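Trainee: Next come the chains, spelled out residue by residue.
There are 4 protein chains.
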Amino acid sequence: MPNVLAAVMPGAGRPIQTRELPEPSLEADSGLLDVHLSEVCGTDVHLRDGRLAGVPYPIIPGHVSAGILSKIRGTLLDIHGQPLREGDRITFLDVHGTCNACWHCLVAKASTRCPHRKVYGITFGLADGLTGGWATQLYLKPGTRCIRLADLAFETYMAAGCSLPTALHAIDRAGVRLGDTVLVLGSGPVGLSAVVFAKMAGALNVLCIGNPASRLDAARQAGADAALDFMSCDDAARIEWVRSHTQGRGADITIEATGAPAAVVQAMRFTRDAGRVVVVGQYTDHGEIPFNPHLDLNRKHLDIRGCWGSDFSHFYRGVEILKDPHRARPWAEMRMQRFGLHQTNEALAAVESRQVVKALIDPKMG
Amino acid sequence: MPNVLAAVMPGAGRPIQTRELPEPSLEADSGLLDVHLSEVCGTDVHLRDGRLAGVPYPIIPGHVSAGILSKIRGTLLDIHGQPLREGDRITFLDVHGTCNACWHCLVAKASTRCPHRKVYGITFGLADGLTGGWATQLYLKPGTRCIRLADLAFETYMAAGCSLPTALHAIDRAGVRLGDTVLVLGSGPVGLSAVVFAKMAGALNVLCIGNPASRLDAARQAGADAALDFMSCDDAARIEWVRSHTQGRGADITIEATGAPAAVVQAMRFTRDAGRVVVVGQYTDHGEIPFNPHLDLNRKHLDIRGCWGSDFSHFYRGVEILKDPHRARPWAEMRMQRFGLHQTNEALAAVESRQVVKALIDPKMG
Amino acid sequence: MPNVLAAVMPGAGRPIQTRELPEPSLEADSGLLDVHLSEVCGTDVHLRDGRLAGVPYPIIPGHVSAGILSKIRGTLLDIHGQPLREGDRITFLDVHGTCNACWHCLVAKASTRCPHRKVYGITFGLADGLTGGWATQLYLKPGTRCIRLADLAFETYMAAGCSLPTALHAIDRAGVRLGDTVLVLGSGPVGLSAVVFAKMAGALNVLCIGNPASRLDAARQAGADAALDFMSCDDAARIEWVRSHTQGRGADITIEATGAPAAVVQAMRFTRDAGRVVVVGQYTDHGEIPFNPHLDLNRKHLDIRGCWGSDFSHFYRGVEILKDPHRARPWAEMRMQRFGLHQTNEALAAVESRQVVKALIDPKMG
Amino acid sequence: MPNVLAAVMPGAGRPIQTRELPEPSLEADSGLLDVHLSEVCGTDVHLRDGRLAGVPYPIIPGHVSAGILSKIRGTLLDIHGQPLREGDRITFLDVHGTCNACWHCLVAKASTRCPHRKVYGITFGLADGLTGGWATQLYLKPGTRCIRLADLAFETYMAAGCSLPTALHAIDRAGVRLGDTVLVLGSGPVGLSAVVFAKMAGALNVLCIGNPASRLDAARQAGADAALDFMSCDDAARIEWVRSHTQGRGADITIEATGAPAAVVQAMRFTRDAGRVVVVGQYTDHGEIPFNPHLDLNRKHLDIRGCWGSDFSHFYRGVEILKDPHRARPWAEMRMQRFGLHQTNEALAAVESRQVVKALIDPKMG
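Chains as they are written, first to last, in this note's numbering: chain U, 2 to 367; chain S, 2 to 367; chain A, 2 to 367; chain B, 2 to 367.
Hint data in this document are derived by calculation from the structure and do not stem from the laboratory.
One should not assume that every hint holds.
Copies of the same chain look alike in the list, so a pair counts if it fits in one copy or across any two.
[As the list claims (entries may be wrong)] SDA-like cross-link-like pairs, simulated, lysine to any residue; straight-line CA separation at most 20 Å:
no.: 1; residue 1: Lys-110; residue 2: Ala-54
no.: 2; residue 1: Lys-110; residue 2: Gly-98
no.: 3; residue 1: Lys-119; residue 2: Tyr-284
no.: 4; residue 1: Lys-119; residue 2: Asn-101
All values reported here derive from a predicted model rather than from experimental measurement.
Here chain U stands alone, though its shape is the one from the complex:
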């Protein structure tokens, strides 16, 4: 039986090692994915640094991946009830095991808060099998939700990657109306996808505040009508900039996608009275930040909406959108950098320093 090469993160604060692992035997209704590309995202940096709770180290990182179905045992169905076949080009939802049996799933209908939910590459670990995409092969457990990519290029799909369902969920929560002004805070992958989606949802005016310059260029290319370098000015100047682009009122909708606690409070201040703020960037705990409930929230009659994770609907709709070449163009044009399985530590460093807009692991590079 051929062996699998995988990048293993042994524990918090420790460098990734490449290991050779045996190819697994398959349970009924499971499969094996020949990984072509897997993503390196900010969460992977947090994983390396031990900033997430409940991670069962050692793990194989890589929660969003795409490739070719190399083996199937039993039956894997898509959501139209059609069986998948070996040789199909697919991706799959990284979230697994949402139980559809608990209070959160059934009564609150908030499946992203289901306590049984696991995520490939994050809360599945090596003990659960080949459950991350930074490997030549990935094990598709029974119940994994796969989607055929058809003609969609792996590169284009991966340019969107995990930011695709996350940003789509944020835009759903934002409730964009035709003609709105949408301000996106952050120019990382989620911010850039939010820029694309905000424009696609009919925003007339999409603003972006981010950093560094290379990513602001990407934001403009993704459709932002104006972009401001966060590092170029202070809070007062930022508010002034937003007002100058919104007839003095502030944005109708602000989407926070930065990770910095201060950005959440700035989002409130950048938004017009009776507007909306979607908070999608606070995936790890970076501490507290002060705000003024009277000035920043109540008197403004704001709506502030937290946005945690995503579910299959966001993922599925996102891929359907990418299958339209015209809609996919902003992602197809994003500049990415590929790293091999032996360069994963370098890939994490590149993401951390924001040298790249997006980094991908290409197991075929070796």
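Using the hints provided, position chains S, A and B relative to the given structure of chain U.
Mentor: For chains S, A and B alone, coordinates are given in the frame of chain U:
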């Protein structure tokens, strides 16, 4: 022409004086209200202390009042197009002059943020005429929106007072579903009305955290299934109390009606994942408070909704509800204390110290 | 092994027979319910008459039932993850097998349209086992969603029965605001539960048009402020009656719960401009009815919302509400008639003729 | 004083005559518009044929117009509070006098159902002054809501014309989500604008069923992914066509913009389970049509939303969108035909026969 007796607040930090003023001559389509009762609310304490911006001192306080139409010049219509008549028992919307011509009114449909909006007893001053209810007569400017009280007792209406539209707006924003658990923070007039409305909207379980004991008794009488004295325990014990009443999850909906910035952050922590927080108590600036955007908002997938002011719809629907004796019972049973026009400083002191659940000015007492 | 007595409906248009059947052996994670009460509803009349498609005759009718867990093999968990035990007083969701894997479940989030959905007593038949409540024992298949009744009386629960989740779903769709006028068309079980829920959701004025007089009395007892006998007048008089109770405007919300196609069009005409109509009564095909799209729909700016089936959330919340004795009172006071397993044909006749408000099968009567 | 040339519709069924009328003297805060272009829409055909109730003949048709402010007496403000000036290029909302004082305006917040609402060119007649756009000058009554066109070409604005706010309102009601399939029934001006807006709102797949071929070409140019000639096939083939473009499910959203009652029922049948139908085409009474409430509505769990008129928000947002040349492109490319004031009868005939996609009156042509 007979004179009018009015309680005049001369400026921030100065005691109220009783003055004799001439009865005004009426413009076309205006009227004069023989005031029977006017409210003393927390806002009046803030007015005395100069905590609100844009107040044109000297003013006659008293934004919500009820009485008998003593004079009409021209025509005053109700919203059904029926003319009001002298002798009618009425109240009126304290908000005046919402312009229906600006961006906030016409495009954002957020009339509570209209810059032309004025409020009787707060942003109308003595220079605008007899524009507060702490007087024997009040001038109803053209365009004032009056509502007939029919058989509704002045006392019952005033027990609800300005908390009626405010709390109803908050409940609309809360989106209560049948069977929800609603937690109300605060047991002042808005908090108590929110307790009544939450129960009326189908909440199965209404919790209240407030102070002092007399108001918690009022909360229980108003329908709260359980009430906790805020002063009796620390933050950890409060969270424990909420969890013990919500199967460990937190409230589906929390309505903050306290005025204390810290309560806004506690509201987030008391609410279940994917729940809602309505912030209706932050009417004046009491400074900043720290919160954790990751733990308190994003990871919880919370909705937080500021709720500023109210419009005619809340006011009208609130009065219609009060006209149903069964629905009005919790307000009809509230204990209130009356003060004459010469006792307005004492009334403010009683409200400030929370000795009373509600204080009213009765100009007939002298 | 003891035998089970069951009422079996052999096919469309044929009388029910009582049969003795062997007690089944249990699969892993399944159970057996000692049935105390099971419902007879209008759907059962339709089943007898062959009006529903896809029914796998012979079947054991009885989709909503309550009783005591007599046997468990393996583990049955409630939605809080707590294991159920033999001796527990329970009910269970009649809908089984919603797949959580298809487009309707995962993307449209419309699980009531899942093609894999089966219903005990309707689309499960004798070939699937003891899958209806008109029997001394019922087989709880793996994956059946059970709810503990705790202290809730079987009679009170069954008075609500299948109308409980159906009417709750309809009220959720209706979006009742505090102070609304809600008109319910129909005074069968769903109509009566809709009356109770509309009042519970804060409607100020609940109207009911139904038939016969005994059910209108039940509607008034359930909380209707006014009730009209449908047979007492013609269309014009009905519209006049609705207007006379709604200040000439029509109802804010109309809930159609009759089964007669004409009622859907009348619902549009009884509703005010910019109001809402919920259609929940059209569970079988009774043919076409003409309406005027200009006058009845577009010019009125109406919202019309179909409401099909219900999901676990409606069922669970409904039972939680019934556990509150004050909230459950209208159901606890409903008059019902019990029939034994040998009287099921008589029970169907009584339901069909509307002689009873509600009929129940009590297998203990023999 | 110079005279005004106007096309006057004397009464139902009678040809339009051109009359010379005196230039009016201006009230305080009113103005005069030098009309450059005015629209001919389907409503004008209905006006000629006497199909609308409450029309105060004789009237000057032309409800949507654009031109240059030739005279102002007093002050006309835009919604930002900025005074308009003579020489400004403007348009104005045809709806006038929404009262902001009645139950519909204030409580239901359904201003399009305000009984005081008047419309230039339709319910304002000659007795009200120069109140239609088919004239060299139009009188802007006090309270008319004007919008500056800035650099927006009159032709582009008029290509959208009254379909702009109508279709935008319909899209707001439709609640398009990113990735949806939207089916538009009708390829007249409202249908074409709905196609543009549906695409702009993020629909992935926009289908159009209309007629004749020239308008289907316009629909494709406006962004429709597929278009079907209504006259080319029967109902069964149309349903088959829709299914073949929607993975067998039907459209997520169908927007009816035809005027034919049968299209409303077809809209229900073309839409997927749990989808939405917006009915915006039924502006005049063309009689009844049968539908099946079980099959077409309840079992499908459909939402059907009537959509009457539009308000200032739709109009304002629509013009803002047109000011973006990229967004305006589909309208800028529409083929229109101009008619002079002496050719209005011919213009109506051209619209009635659908020979033109859009007809405009150009008073400068004489």
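Trainee: Hint by hint, which ones does the structure fall short of?
Mentor: As far as the earlier hints go, only 1 is violated by this structure.
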